[in-house]
Every structure is written in structure tokens, then in C-alpha cells.
Amino acid sequence: MANVGTRRGSSWQAATAWLFVAPFLAIFLVFTAIPALVALVYSFTDMGVADIRHPLEVDFTFLDTFARVLTNAGFLKSLWTTGIFIVISVPLTMTIGLILALALNSGIRRLRAVYRSAFYLPVITNIVAAAVIWQYAFTLKGPVNTFLGSLGLLGPNWLGDPNMAIGTVILLTTWRNVGTCMVLFLAGLQAIPEDVYEAAAIDGASAWRRFLSMTLPLLKPATVLVSVLMTVSYMNIFDEPYLLTKGGPLSATKSVALWVYEQFGHGNIAAAMAGSYVMLAIVVLLGILQLRLLSAWR
Amino acid sequence: MSGKHPLRTALLYAALTLVAAIVLMPFVWVLFGAFKTQGEIMAAPGAWLPQDFSNLANFAELFERRQFGTYMGNSLIVSAFTVASNVLFSSLAGYALAKLPFKGSKLVFGCILAAMMIPYIALFVPQFFIIVQFGLVNTLAGIVLPIAVMPIAVFIMRQFADSVPDELLEAARLDGAGEFRIFFGIFLPLVGPAIATVAIITFLNSWNYFLWPLIVAQDQGTYTLPVGLAVASQAARSIDYGLLLAGAIVVLLPVLILFLFLQKYFVRGVAVTGLK
Numbered sequence: 000m001a002n003v004g005t006r007r008g009s010s011w012q013a014a015t016a017w018l019f020v021a022p023f024l025a026i027f028l029v030f031t032a033i034p035a036l037v038a039l040v041y042s043f044t045d046m047g048v049a050d051i052r053h054p055l056e057v058d059f060t061f062l063d064t065f066a067r068v069l070t071n072a073g074f075l076k077s078l079w080t081t082g083i084f085i086v087i088s089v090p091l092t093m094t095i096g097l098i099l100a101l102a103l104n105s106g107i108r109r110l111r112a113v114y115r116s117a118f119y120l121p122v123i124t125n126i127v128a129a130a131v132i133w134q135y136a137f138t139l140k141g142p143v144n145t146f147l148g149s150l151g152l153l154g155p156n157w158l159g160d161p162n163m164a165i166g167t168v169i170l171l172t173t174w175r176n177v178g179t180c181m182v183l184f185l186a187g188l189q190a191i192p193e194d195v196y197e198a199a200a201i202d203g204a205s206a207w208r209r210f211l212s213m214t215l216p217l218l219k220p221a222t223v224l225v226s227v228l229m230t231v232s233y234m235n236i237f238d239e240p241y242l243l244t245k246g247g248p249l250s251a252t253k254s255v256a257l258w259v260y261e262q263f264g265h266g267n268i269a270a271a272m273a274g275s276y277v278m279l280a281i282v283v284l285l286g287i288l289q290l291r292l293l294s295a296w297r
Numbered sequence: 000m001s002g003k004h005p006l007r008t009a010l011l012y013a014a015l016t017l018v019a020a021i022v023l024m025p026f027v028w029v030l031f032g033a034f035k036t037q038g039e040i041m042a043a044p045g046a047w048l049p050q051d052f053s054n055l056a057n058f059a060e061l062f063e064r065r066q067f068g069t070y071m072g073n074s075l076i077v078s079a080f081t082v083a084s085n086v087l088f089s090s091l092a093g094y095a096l097a098k099l100p101f102k103g104s105k106l107v108f109g110c111i112l113a114a115m116m117i118p119y120i121a122l123f124v125p126q127f128f129i130i131v132q133f134g135l136v137n138t139l140a141g142i143v144l145p146i147a148v149m150p151i152a153v154f155i156m157r158q159f160a161d162s163v164p165d166e167l168l169e170a171a172r173l174d175g176a177g178e179f180r181i182f183f184g185i186f187l188p189l190v191g192p193a194i195a196t197v198a199i200i201t202f203l204n205s206w207n208y209f210l211w212p213l214i215v216a217q218d219q220g221t222y223t224l225p226v227g228l229a230v231a232s233q234a235a236r237s238i239d240y241g242l243l244l245a246g247a248i249v250v251l252l253p254v255l256i257l258f259l260f261l262q263k264y265f266v267r268g269v270a271v272t273g274l275k
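Read top to bottom, the protein sequences are chains V and U. Using numbering that gives the first Met the number 0, the first residue of the first sequence is number 0, and each one after it goes up by one. Using numbering that gives the first Met the number 0, the first residue of the second sequence is number 0, and each one after it goes up by one.
Hints are computed from structural coordinates only; laboratory data are not their basis. Think of the CB as a built atom: it goes at the ideal place given N, C-alpha and C, for glycine as much as any other residue. Warning: the hint list may mix true and false statements.
[To be verified] Here are some of the chain V residues that sit facing chain U, going by a computed Cβ distance under 7 Å:
(1) 16
(2) 20
(3) 117
(4) 182
(5) 263
(6) 265
(7) 277
Based on the sequences and whatever the hints tell you, model everything.
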């Protein structure tokens, strides 16, 4: 870039630049940087709800709160539940998203935009509205079981049975996230030059062979992005279990985020912050692990 | 890839149509359910279609007795302020980051990335303390403030600002125009699509914003639509699904209409950033 500060000098320009980024920085400092710091500090204290108005008068108990959180049966259960969400939902959502992207990218012209919009629509759907629809549709005598009944099947207790409830929450999250995966995979597929395939077709490679040895490796950047994105979003899963099942039945769908929210609601502020920091640490570790694993892949 | 077998193409279309039908099914349920009476909903096995599509009793109940008018007003105010503030401040920041070389621009960009990565659940408790200190609990300002300049908006504006040619800005500088004149007179008119993308994404985020308004809003006077609907769905003893589904339609409709007309901007936002 040429020297742009010709007339009034670059210090004037730098001052203008700081002025322009100041609103963003102010909001970032007050609502991201300081809260992150505050959460870290207070997770070493015994802060309760009574201390909110006088936040400087708490007692430092150092690792006590972390020790209590990490040995709390409810917290460990919520970690396990979140783990189930991640292990099932991330591969499920990514696979369906990739299949839809491949189908839309396979040379069809007609209705392509219509299908893409249909698959994307759940992404922009308000989660509270979606949860209301889900609650209605999956009640014992709701439309889903009525449909199953018309096929001669006995519909399960989707939201009342602990194992089914996890499945129903996963169904909702998958429905809402597949569109994001599809759009990102589609962008990745469209970045692959057409002549790469033509060369392979001339060499006589089968469609499956071409997919495994060419499309998949060339799709690596998109796959890395999507998997990190999905893991982080399932790690933070809150809205779906909160709205659909309130974490129940029998805490079967209580994620870490929901546990943190409940501790906050019960006034166990220090425990909520320590729990959220444990989660933050896991998110960062998982992110690094995924980047490592995926960059080792081919 | 040419020379596809017609049977394979037909199968592909059949599969795509089946998946689309499954994906869109919840919208059918909500559309039909919102016009049903409590009796129709409780009937087993229930009918697909409502008996009477002109039965607007559920909607009337929402606005006349359940204060959905207030919630909608609050949601509109929150979204309007969020979009306006994000468009203005993120384009200022994006312009500075892309076009004004200054020491510290890398640091600022690092802040953007950090803010996009930190899980929200780790922040809401201390954010609530800060809102308490500011005396903004149970106010719409308290709801808007943390999302007044979203990192994602700044990120998008910076990416788009990069593509504006330096020569145009340089020529204006040589003519003696100040940075504010260049920003408003030359830069902004050139980044219309970026502004549309930011406006759509920030509208979507603020309209669908749930956890934070749930914490900040303490009574019905400050509830936004999603909070009002969630509270209604959890407070009900014997759940009136017809009423709740009508509420879901009220929440969904504005976004669906926007999506119908402006979907390329929705999808572009995701493709540019990889984030919702």
C-alpha cells in the first residue's frame, strides 16, 4: 500500500482510525474482556447472590470452588450429557449437511435454489418458536405419533422418557444446524475447479473413488471450519434443552450450559463461573485437538 | 459432469423432495395448529387440517389478553436499535481496519476473533453484574447494549472493505477531503451489499436473541417476543398449544418474509464468515 498519510501525516490518520474503532472496542472491553476476567477472578471466590451489590467484599477461597464443581455429581452428569450431544450430533449433522451439499452440487439445475432455501430455512427459525412446535408435535398424542399410528406403529413417549428425550433434543438441534453445514460445504465444493473432475473421469476413476480421493481431501478447509464450528456450538448447547425439556426428565438432557444457568439461578455465582470456565477450557482444548487431527489428515 | 442417466436424476429429485418435505414439516404443523381450537388439538387422533382457517381466536387472545403487542413493540425497538448501531459502528471500524493503517490494528482484529470464539455462556453472569452496576436491569437499553457492535458485523465489514480500491480513497485525500467525508461520501455508497448483509445478520441475531433478554427483562413490560413466548409456554398449567403455535407464527413471520425477499444476503453472511 502506498503511503496514504501524505497530507496530514500518519499520526492524524492513526488517531482517526482509533476513533473509528472506539465504539467496537468499548463494547468489547465492557461486555467481553472484562466479564471474561471477572468470571475468572470470581471463580476463585465463594461469591453468592448476596454479594452482587458489593462485589468487592467476597472471600477468596482459591481452588475450593473448582474442586467443588469438579466433584459435583450434577456437573459431571451434565458434562457426560454434553459429550453425548457432541459425539452423536456433530457427525450426524455434518454427514447430512455434506450429503445435501453433494446432491445440490451434482449438476442439477432446476429447483436447486428452492431446495437450498428449504434446507436452510430451519437455521433462521427462532428457537423458541421451534421448541414450541416440537413440544406440540412430539407430545404423546401429537401429529408425529398420530402419523406413526396411521402406519400401525405405537409412537414412543418422545419427551417423557429420558433416553427418548435426548434423541428428541438431538433431532431438533440437527434440524436447525444442517443448513449451516450444507451452505459451508456447498461453498467448499464450488471452490473445487471443474477440470479436476474431468481429468479423473478421463482416467476412468469411479464416482465413489473420485469422491474419496479427490473431493474429500479438497474439501478439507471447509470440513475443518464446519467441525470446529459445530463442536463449539454443541458444547454450548443451551436453548434447545432449556426450552424443550428444561433439562429433564431426570436431568437426562441437562447440558453444562444449562447447569451453569441453574447455578446462577440458585445464587451459586462462584460455582456458575467456575463451571463456565471449565467449559471454556474444554472448548479451547477440543478446538486445538480438532485442528491438529484434521491437519494430520492427509 | 455430463451424461447423467435420467433415472438417476429422477431418483435424486425424489430424494431431495422427500428430505425437503421432512425439513419443512414443522412449518406445516405450526401453520395448521395455530388455527385449531383447544378441542381440535386435544382430539385423538387429530385431523391434519383445522376445521376453520378463519378462526383467529388464538391470535386475538395473544394480542388482546397476553400482551403480545407489547412484546412485539419491544422486539421491534431492540432490533431497530441493534441494526442501526451495528451498521454505523461496524462500518466505521471495518473501514479503519481495512483502509487506515495504524499501529494496533492487529490487536483490534485479535479482539474481534476472540469475541467470536468465547462461548457466550461463560460471559452472561459477569455481563449481568455490569448491567446491574449501570442500573440497566429490566430495560431495553440493557438488552441492546452488549450486542450494539457485534464482532461478526465488524468482521464482515472489514472483509468487504478490503475490496474497495485504495485509489478512490487516495484521490479524495489528495483533493483535501477529511476521513469522515471520505467515509460517508465515498466508502459507504460503495459497500451497499455489505451493509445489507450486516443489517440482515444483526436483525436476525437480535430478533432471535433469547438467553440475554430472558435474564435482563424481569417483567412483561420489557419482554421481547421470544421471552414472552417462552414464559407463556412454561407457565401454562394445561398447555394451550393452539395459542402457543399462534405465538410461534407471530415470532417467525417477520424473519420468514425477510428471508423470502433477501435470501442471498442471509446465505452470503454465512459463506463469508462461517458463522450464523
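Now the hints, each set against the structure:
For residue 16 of chain V, the suggested interface contact is upheld, since its CB lies about 4 Å from the closest CB of chain U, less than 7 Å. For residue 20 of chain V, the suggested interface contact is upheld, since its CB lies about 5 Å from the closest CB of chain U, less than 7 Å. Hint status for residue 117 of chain V relative to chain U: holds, with the closest Cβ pair at about 4 Å, below 7 Å. Because the closest C-beta pair between residue 182 of chain V and chain U is about 5 Å apart, less than 7 Å, the hint holds.
Because the closest C-beta pair between residue 263 of chain V and chain U is about 5 Å apart, less than 7 Å, the hint holds. Below 7 Å, beta-carbon pairs count as interface contacts, and residue 265 of chain V has none with chain U, the closest being about 12 Å; its hint is therefore violated. Of the supplied interface hints, the one on residue 277 of chain V is violated, with its beta-carbon coming no nearer than about 10 Å to a beta-carbon of chain U, more than 7 Å.
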